[in-house]
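> Numbers in the working numbering are just positions in the sequence shown, counted from 1, shifted up by 602.
Careful, some of the hints might be misleading.
[Claimed, not checked] Label-pair ranges, simulated between beta-carbon atoms:
no. : residue 1 : residue 2 : range
1   : Asp879    : Gln791    : 23 to 33 angstroms
2   : Thr959    : Pro731    : 23 to 33 angstroms
3   : Ile943    : Ala711    : 17 to 27 angstroms
Calculated from the structure, these hints are not laboratory results.
None of these values were measured; they are calculated from a predicted model.
By construction, the Cβ of each residue, glycine as well, lies at the ideal position given by its N, Cα and C atoms.
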Amino acid sequence: MEIRHVRWAVLLGAIVVASIAAACGGSGGETTTAGTTVDPLTVSVPPSTVDASLPAEPGIFSIAGRPSLTLAMVRVAGMHGLLGEQGLSTRLTDASSFEDLKSSLESGAVDAAVVTSDDAVRLVSAGLPIRTVLLLTAGTSNQVIMGRDDLEGIASLAGQQVAVSLESEGELLLQGALVEQQVPPDAVQVVAAEGLGPSARLVRGDVAAAAMTGEQAAVALAADPTLQTLYTAGDYPGLISHVLVVRQAVADERPGQIVAFIRGWQEFYAFSRDQPDVVIEDVARLTKQDSTAVAFSLSGLSSYDLAANAVELLPGGEYFDRTIGAIVAAALVSGWIDDSIDGQALVEGSFVQAVATAR
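With the sequences and hints as input, model every part of the structure.
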């Protein structure tokens with residue numbers, strides 16, 4: 603496809619996603635914060651058992667992750683010295699697959715990983731002693747469930763066929779939406795459709811609804827303007843998210859490195875708000891994508907700052923109390939894990955708690 607066609611599609615997608623975000627109360631053209639109800643001036647965080655004054659221990663803090671926009675953002679933080687300023691030496695490596703990532707953590711070849719929340723659940727289910735210590739980004743309009751115009755919300759999907767790409771964020775969004783809306787998963791007939799299949803099947807009228815990316819939603823709406831948005835990732839904050847997990851041994855032996863990374867991420871959060879164009883260009887260069895396409899993709903994400911983390915990762919926070927349980931339930935229904943796990947036991951909020959109370 604010629605570049606002018608790519609940019610036209612991206613521009614169209616940006617318009618569509620902006621309208622979706624507006625319908626959900628989002629603020630277009632501005633860096634958004636996951637957990638926007640958190641007021642950093644009034645939030646009260648109890649003291650932590652971790653000493654926030656601990657310096658980063660000597661040695662390299664090695665991080666792996668499958669290629670993603672969030673991993674690229676962590677690389678950008680390193681490129682601009684925002685992690686090094688905290689006394690942290692980092693090494694980031696790409697994992698080629700989930701199994702590659704699992705092997706690196708299991709063997710101790712890496713200390714931490716940037717993973718999706720559902721991959722964190724899968725890693726714990728596989729027996730790895732890891733903890734989620736920081737929420738990084740959450741999807742807002744990057745994943746969407748579109749449907750016919752005669753449907754009325756997620757509850758109306760009962761008895762209907764819904765197209766999804768299996769083992770994708772779209773499938774997680776669908777299952778999470780069903781959990782939230784208390785629709786039995788077996789009430790919906792999931793139709794496997796890979797690649798562009800979900801949106802194409804919906805446009806052809808083969809199915810009543812489909813879970814797809816924001817880009818695919820833009821194309822589907824251009825082909826059939828009567829389609830409607832039933833649900834977006836932003837309707838269930840944190841369901842589609844990337845987090846930092848660390849091996850339990852690292853949490854026990856090198857807490858200073860984790861504290862330093864959290865401070866560095868907070869610096870990157872401020873940097874990304876002050877210089878969003880720099881972040882877009884850097885991510886585009888790292889991912890070898892057109893900067894317009896990257897800007898569109900980043901518009902479908904929001905970042906967690908320190909204040910949001912200090913609420914979400916502790917009891918009483920939405921992620922701790924509800925979201926991680928929904929992710930476990932969705933993973934179980936989708937067959938990504940064989941047995942249920944205690945999702946809250948995966949979450950370790952004492953590190954963000956320490957940094958938040960020390961500021």
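> Can you give the numbers of the hints that this structure goes against, from lowest to highest?
1
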